[in-house]
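One-letter residues, chain by chain:
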Amino acid sequence: MIIQPGEYLSAATILALANALQSAVLITFIGHGGATHRSGIVVAPTLVLTYHSKDDPPLRDLQQPARCQVNGSHLPKGDLWVEGATAVAIVEVDLPPEETGMPPNARGQNLAGAFLRLSHPMPAPPPGLNVTTGRGTSQSGWVFLLSYPMGRSEPVVSIGDLLGAVGPILKHDANSGLGSGAVPYWTTMEG
Amino acid sequence: MIGIHVGWRDEEGQRYNWGISVAAIFDTLKTSHPTLWEEIRSYHNLQTEADVDKERLLREKERAAEEHARRAYEQAASVLFWFDPTALQPYPPISYKRTARSLLLDEVITSIDPSGVPKWALKTETRRKALENLGSLEQMKNARAATHVEPSEGQTLIDTLLSTGDLPNWRDLPTRTLSEFRSVCDWFLPFIPSLPKPTEVDALLALRRLLEPFDALGGKHFRNRRVELEALKSHLTSGPDDPVALTIDGAGGSGKSALLARFILNQTAPNAAPPILLAYLDYDRALLDARKPAGLYAEIKRQVELQATDLPPAVEAAAPESPASLSSELEMRRHAKTVAARIHAAMKSIGAGVFLLAFDSFEEVQFATSENSGASVAWLDALFAECPEMRVVILGRVPIANLTVGGKKALALTVGPLDPAASREVLESFLGDAALSKSAAATALVTAAGGNPLTLRVGAELIKRLGEEKAGEALRDLPSALVRGVLYDRVLERIHDARVRTLARFGLVLRRITPEILRTVLAPIAEVDLPTPQSVDDTFAALRREVFLAVSDVPGVLAHRPELRTLTVRLIEHDAPEKVRRLDAEAMEYYQKRAAALPPDDDAAIQARAEALYHALRLDLPAAQLENLWAPIVLRALDLTPDDQLPEGALRWLKSKVQGNVERVGPTHSNPAAEERNALWGKFADLFGRSVVFTSLPVEVRAELREQAERARETATRHGNAPELVRASLLVAHAAELEQRWPEAEVYTRLAANVEAAIGPVFAAALGAHAEKIAQSPNDNLPVNQVENRHSVSRVLEMEDPALRLDVTLGRYAHAMWHRVHPAVLSKGIERLGLGITGDAELDKWAELLSASGAEPDMVEKFGRGFGIRPIRDGRSPWRNIVRSAVSREDGAMTFARLVQKEPRIGDAVAQMWIGAGRSVFHPHLADALSRTIARCDDKFYSIFTFHQLAVLRPAFEQLTSTYPDLPNDLTKLLPPMFGKSKSQMPSPGTQLLSDLREVSMRPAPMFSRWLHALLERMPPSPAKDILTKALQIVGSGEP
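For the record, the sequence lines run as chains V and Z. Take numbering that gives the first Met the number 0: the last position of the first sequence gets the number 190, and nothing is skipped along the way. Take numbering that gives the first Met the number 0: the last position of the second sequence gets the number 1039, and nothing is skipped along the way.
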C-alpha cells in the first residue's frame, strides 16, 4: 500500500474516481446453465466497453435466447443486441499489433476490446468520462482498480502502484480477484 | 488516465496485473469504427482534431505573448537589486494584460520592506538569463532607466557598475555592503569580467567576520601601549632560536584583550605587509574545551580556512572528537600534521610569513589540565613541531609561570596600569567630550582608576549618567581596592526603573541571568513582582538593555563581566548579606534541579552543575556537601577567575579537587564519627548503584567499606534478602577490586550474578557498574578468572528469563561493557532481551554503545528495528550517534539505509538521519546511502527538507541572512508545509533557525554538496529548491 498518512489524494483524482465508479457496470450473461460475469465501462448511453478473448469468446458463444443483466437489471430477452445476426452485438476493436504488442492473457488467449450495444439507454447516463487522448507516458503513479470481484453486486476499489507503461499496456499491482480479471476499470494519478 | 483491466501475467518470474488504456482503444476506434467513435465523442463532448489544433495554436500564441512580456519584465528587473513589482516597468516597453506581479512570481525571491511595500529580487538564474538577453552594458543601462527604485546599497553598487563598468575599490566596501557586492558579482561577472570572483569576496568577508570582534575591543578607544605593541611585533618577527610563545598577563580590565585586538588589527590592516595568518582561541567565549585537543585543532583549522578560502579540499579521515582519541602521542602528531598542512597551505595562499596563534583566558587551560607549573602543553608542542613558523601569544589574568612551547621558555609581558596621560586620553575617548574630560570629576577618576582602562570606562559612564558635579562627589575618597565595584554599582543605581535597578543589583550575585532564573530565583528574593510571562520577558529585556557592559551574545542569557561583577557583589553583600546568601542558596538549588532534569552529558547540564557548585562554594558549604556537587567534568565549566573572591575553605577544597588528591578531601577528621562513616557508606552505595566507580579511595575508607559490605552480606544471607545480597556481594567484590584482590572479586561477582539471575534485574545496574570496572582493567595482564568473570556477566545477558527484560539496566550493562565485551555477546543480549528502551536517554546510551562496538551491520539493523521511528523531540535526535557510528563502515551505512527503506515513515526517518548527519561530519557513505533512499521517495522532499537540515548549510545561510535579511520570514512561510504541519504548530522557525545556525558548526563536505546538487536536479521547482540553490552557490563548491 503506498498512500501514507500525510500524503494526498487530489480532488481531481477523487472526482475522476467517482466518475469512473458511476460508469462502471457489472454485466451478467446467463446461459449454458450458468452465469458469466464481466465488468465494463459505460462510454455512451447505450454503449458499454469491455474486452473479450478472441480464441475462447464467452460473449460470442452465448446463444440466443441468452439473457443478460447490466448492473443486476434484467434486460428483456433479445433486447441487448441491435445488429442483426449476432446474439450479442459485439464490436471487436483490434489494437494495431505493431503498436501494442498486446500480449495474450495468462491462458495464452488473444484479446480484443469489445463494445456491447444496449437496447435501452442506461437509467442514469454516466457523467462525462475524463477520456483524454494522452497515452501512458508516466511510469509511476497510483492505480485505482474498480471491479466486481467474484460477481459482487457493488463495485470495489483496490489501490496499487503503476509499475510501468509500454504503449497502451499498463502494468500495475493493484489487488484483483476472480471477476475483476474480467473488465474492470482503472485510473491513475497522472494523465 | 483510464484503462480497462485485463488480467495478470508472469514475466521473468515476476507477476503483475495489466490492462489497456481506454485512450488507445478509442484511438483505434477512430479509424476502424468511425461511427462508434463519433457516438462516444459527441456524448462526451470530446474535441475533434481540428478543434485541438485550433486551440493549440491559440495557446501557443498566447504563450509567446506572455513569454515576451515576462522577458521584458525580467530584463527590467535584472538590473535592480530589489524592486517593487507594482512599480516595475518592462524593458523594452510593452503592454500586456498581466501584471509584473503575476508574471514574475515564480522567478523571484519575495519579501516585504518595513513600510509594507513588497520587495522582490530576481532569482539568480533568471537574472543571469535576462542579463544575457540584454547583451550589452548599454542595453543594461537602458533597462535600468525604465524603472525608478528607492536608493539602496545594493542598487548603488549596480548603478555604479553600470555607469563606470567596474568597481576597482571593492575591498574598501563596508562589510554589509560587501555581502551585497558578492551577489552583484555573482550576477554580473559573466558580463563584466573585471569583477572579482564571488569566492574572492567570500574570502574578504570571512576575514572581516573573523576580525570584527577585535574591532570592538581594540578599535576607537584604544590608546597608547606602544611598548607592548612593539614587544608583540618583535615577537612575530623573532628568529628560530627565540621563544615561540609570548605570555601577557594583567589584572581583569587592564586591557590585555584590547592590546591583542589592536595588535591583530594592525597586522591584518589592508596595508600591513606581509600579511599574517591568524587563529584566535578565546576560552572564555567559545565553547572550547581545553582538554580536548582535537576540538582545538579543529577550531584552528576552521579559522585558518576562513582566511584562505581558495584552499583545495583537505584529504583526511574524519577527525575523531573525543579526547581519548588523542591520548597517544602518535595520534596527536598525526592530527598536528594535518592541521599544520592546512596552515601551510593557507599561509602560501595569502602570502603570509608567520602564523599567529593567540589565546585569551589561558588560565582555563591551566585550570583544566593542571599544567600550571613548569609545564608544556602537549598539543601545542606537537603543532609547533610541525609548524615552526607558528608564534603563540597567550593572555591570562594571572602570570603564566614557566610555560614552554617547543622546549623554549615563553617570554612574559605584564600589562601594567596606563600612565596618567594615557589614562586621560582613554577617558577622553570614552567620554567623547574634550571639555568634560578636563573636568575635576575626570581628574578624580584618572587618579582613582589607577590606570585601569575598565575602571576608566565604568567611571566615564558614571560621569555621563550622573553629570560632572555629582560624579565628582561620588569619586571622592573611594577605597582603592573597590573603586571599580563602587563605580559600577553607582552606574547601576542610575537605572531609572526602580524594579529593574533592584534586579540589576541583586542579579550581580548570579553569573548568568536567564528569564527562568529571573522568574524563579532573582525576582522573588529581590521582592519584585513578575506576575505574567510577559512581564518576565519585558523585565529581562530591560535588564539586558540597562545592565552596562554585560555580555549577552547568547540569546536569552545575560552574562556579567567577572571583573565588574565580583567587585560589585562584595558591596551588595555588605549592604544586604542575608539576601545575597539566600540568592546563592536558591540559585544553587535551582541549578541542581536544572542539572538533574537534563541528560548528564549535556553541555547545559554540565554548565548547570558548575553554577550550582559555584554558589555552593560562595556559601562556604562543608566539604561533604560540596562533594555531592562535584565531578571532574564540572571543572571545565566552573570558569573561575582570580577576581572571584571565594571563602578560604571553599578554595582549599577546590584546590584539592583540582590536584586530584582525593585523600586530602575525604573525611578530614582523624577519627571519623559513626554518622560520617555511615553517610560515606550510604553515598558510596548510592554512587556505586549509579554506576559511578571509584578509582581511588583512602586506605582506611576502603577497609571501612569492605567491612560494611561484608557485614551487610552476612545480614542479607541470614535474612534471605536476595536484592540486598546482590548489592552487598557486589560491594564486597568492588572493595576487593579496589585492592586488586581479583579472585575474591570474581567469586563475589559470580555470586551476585547468580543471585541476580534468580531475582531479576533489581540490582543489575550495580552489576553493570561492576562489569565496567572489570572491562576497564588493563587487558594485557587480565587474570584468567576475570575473563571468566566477564563471561559470567555475559551469561546474565544471555539468560532467557523474562524478568531480565531490562529497561535502563540493559543500557547500563552494555554501556559498562562496551570497551571489551565482544559485539556478538551484545547482539545476543539484544536478541534475547529486546532493547527495553523507554526514553531518549536510553536511546542515546545505545547509540553510544553502538558507536563503540564497531557498528557490526547486523547489530545496526537490530538496533534500528528496536528503535522504530521516533518523532523529533526538542531537536535532540537519538539518531545522531547511531548515524554517526553506522556510517563509519560502508556496509553499516547501507544496512541502515535498507532499514530505513523498509520503514513506512521513511520521510521522517530520513529527516532524522539528516539532522544527525548535519551535526557531525557528513560521511560519504551516508550521503550515498541516503541519496539512494531518497531516490525512492521523490515526492517526499518536503518532509525531508526541514529547516534543521537547511541549517546544515550554516555558512551559506549566514551569508544568505545577511544578503537577504528577510530570509527567516520566507522560511517561516516555507517551513510549515515542509513539516506537514500548520503554522501554529511550529516552534517559531525564524528564531529556531537562527539558533540552530549558531549551533551547527560544520561546513558541508564536498561529497555533501555533490549530493545536494544531485538532489536539486531531481527536485521540482519550489521555494525550498531556490533556497538550496542559492545556498549552494554561496558555498561555492562549484562541483557539478
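Worth flagging that the hints you see were computed from the coordinates, not collected in a lab. On a predicted model such as this, the values are computed, not experimentally measured, just so you know. From the three backbone atoms N, C-alpha and C, an ideal C-beta is built for every residue, glycine too. Among the hints, erroneous ones may be present.
What the hints assert, rightly or not - Coverage of chain Z stretches by chain V, computed from C-beta distances (three or more under 8 Å per stretch; other residues unrestricted):
1) 2–11
2) 15–25
3) 34–41
What the hints assert, rightly or not - Examples of chain V residues toward chain Z, derived with CB under 7 Å:
4) LEU144
5) LEU162
6) LYS170
A quick look at each hint next to the structure:
| no. | hint | in the structure |
| --- | --- | --- |
| 1 | 2–11 | holds (count 8) |
| 2 | 15–25 | holds (count 11) |
| 3 | 34–41 | holds (count 3) |
| 4 | LEU144 | 6 Å, holds |
| 5 | LEU162 | 6 Å, holds |
| 6 | LYS170 | 5 Å, holds |
Going down the numbered hints, you'll see the structure goes against none, and every one checks out.
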